[in-house]
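Q: Start from the sequences, fold in the hints, and give me the full structure.
Chains A and B, in that order, give the protein sequences.
Take the first sequence: its letters are residues 383 to 701, numbered as in our numbering.
Take the second sequence: its letters are residues 446 to 639, numbered as in our numbering.
For the record, the hints were derived by calculation from the structure and aren't laboratory data.
Quantities reported herein were computed from a predicted structural model and do not represent experimental measurements.
Don't take each hint at face value.
[Claimed, not checked] Here are some, though not all, of the chain B residues that point toward chain A, as calculated from beta-carbon distances under 8 Å:
1) G511
2) F514
3) A517
4) V520
5) G525
6) A526
7) V590
8) G594
Cβ coordinates follow ideal geometry from the N, Cα and C atoms, glycine included.
So you can see what is in the structure, the chains are spelled out below.
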Amino acid sequence: MNVTLKTALIILGVPFAMLSLAAGLIWVERRLLALWQDRYGPNRVGPFGLLQVLADMIKIFFKEDWIPPFADRKVFVIAPAIVMSTILLSFAIIPFAPGIIISDMNIGILFFLAMSSLGAYSIVLAGWSSNNKYALLGALRGSAQMMTYEVFMGLSLMGVVMMTGSFKLTDIVLAQQHIWFVVPQFLGFVIFLIAGIAETHRLPFDIPEAESELVAGYHSEYSGMKFGMFFVAEYLGIILVSALITALFFGGWLGPGFLPGPVWFFLKTFVFIMFFILLRASLPRPRYDQLMGYGWKILLPLSLINLLVTGAIMMIYIN
Amino acid sequence: MKTSPLISEALSPEKIMEKIDILFYITSAVAVISTIMVITRYHAVHALLYLVVSFLSIALIFYFAGAPFIAALEVIIYAGAIMVLFIFVVMMLNLGPRTMEQERGWTTPAIWIGPSILSAVLLVAFMTVLMNNPAEDTGLNLVGVQEVGISLFTEYLLAVELTGLLLMAAIIGAYHLGSREKKIYHRYLEKTDQ
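A: Next up, the structure:
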């Protein structure tokens with residue numbers, strides 16, 4: 383196969399597939415939530431309500447694109463674009479199968495961390511430029527939350543990096559041929575999962591947009607497709623974190639030979655996506671100070687201990 | 446696997462260096478322009494946003510220069526953490542149009558004279574050094590993560606430890622400033638002066 387064509391196909395195909403998956407997830411989430419809450423959910427438009435997403439998309443595209451007169455126009459417009467582009471860029475480092483990766487750079491994990499820290503701008507700027515007190519409160523909470531959870535999101539991954547000796551994601555997947563990293567790095571996995579939920583600000587950590595206290599938090603003033611971008615970016619974030627958990631802790635595309643690699647990758651990722659949705663259906667939202675205290679007082683020491691113990695064990699066994 | 450002529454052409458080192466050179470000039474132009482915008486904006490948040498762009502372009506320059514680790518850290522720490530804190534603080538201050546007027550009053554043309562002369566002196570000194578010792582073309586020298594880590598913990602160990610001490614002092618100071626006496630009573634039960 384022509385190499386240039388293949389590269390171009392991967393570069394165009396991954397964002398396209400991810401965007402359609404994210405749209406499909408909206409339907410999956412609504413149906414699953416309904417199932418767990420003993421009701422039907424969207425089941426009228428098309429088979430099993432599958433076309434509901436399409437109908438919603440048509441609606442959101444034709445809504446009036448309203449920018450409040452008191453908002454800072456330029457910043458208001460740029461904020462949703464930042465979150466979309468940083469999350470789509472993060473997909474560049476996900477190894478879906480051997481060879482199916484946009485850019486296998488040697489700072490893969492660091493690139494993801496960099497993009498997720500840039501994503502914080504989107505919340506801060508959206509909240510600030512809206513010139514609305516609820517939006518500003520949401521932005522304050524969101525930026526503090528994302529900065530806190532970024533710290534040990536990075537630290538929790540360092541155990542995996544130490545065991546592999548590389549930041550490259552394909553190396554990390556290939557290092558799990560004998561044992562998945564979830565076994566030796568269980569603590570790292572749990573911390574990364576929690577930090578991942580907080581980074582995508584999903585329930586139970588959706589404090590920046592807590593609708594019972596802050597209207598809709600940082601995107602209160604947004605409507606039409608600008609709101610839609612925040613919305614789709616949240617689902618993209620779920621896919622991204624699930625795919626990363628799969629690649630870093632659950633052996634990526636590796637699996638018994640009766641299914642091809644990409645299928646394994648997709649199945650494992652989907653399990654985590656479902657888990658995210660189950661969390662939304664079952665857990666209450668903590669208070670803001672509880673969230674911050676939990677992060678700094680429990681998760682940060684735990685991730686440091688994990689790092690220390692991993693380092694010590696590696697020193698003993700390698701020397 | 447058969448490679449297309451386009452790919453094999455692109456893979457020759459001279460071609461890659463040429464392309465990196467072009468990218469370097471574009472990125473440097475972005476860095477310079479955004480930094481000028483940082484200085485000339487009257488609106489604090491807009492200026493900070495240009496500063497973020499400037500950091501991102503500097504990170505890219507590091508990447509082109511063969512230091513991917515430093516590039517990633519530049520984005521994570523400078524653009525991603527420190528600048529968010531700056532914007533956070535500016536957001537809390539809630540500077541209105543009045544502050545912009547004040548800024549405009551401060552930046553009169555007369556203000557520019559002193560800094561301009563001093564920067565021009567620096568530029569002349571820099572140019573003289575460059576003219577006398579033209580930089581050698583050492584080619585692309587890739588510095589990986591491991592090299593950075595090893596040199597940090599052998600050659601620059603003292604600097605790393607001193608930085609650690611400094612940060613510790615900052616954390617203890619912040620804790621001291623932020624700590625309050627714990628209230629035992631609920632505020633309704635507190636005795637007031639009335």
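Q: Next, verify each hint and record whether it holds.
A: Hint check results:
no. : hint : in the structure
1   : G511 : violated, 11 Å
2   : F514 : holds, 6 Å
3   : A517 : holds, 4 Å
4   : V520 : holds, 4 Å
5   : G525 : holds, 3 Å
6   : A526 : holds, 6 Å
7   : V590 : holds, 6 Å
8   : G594 : violated, 11 Å
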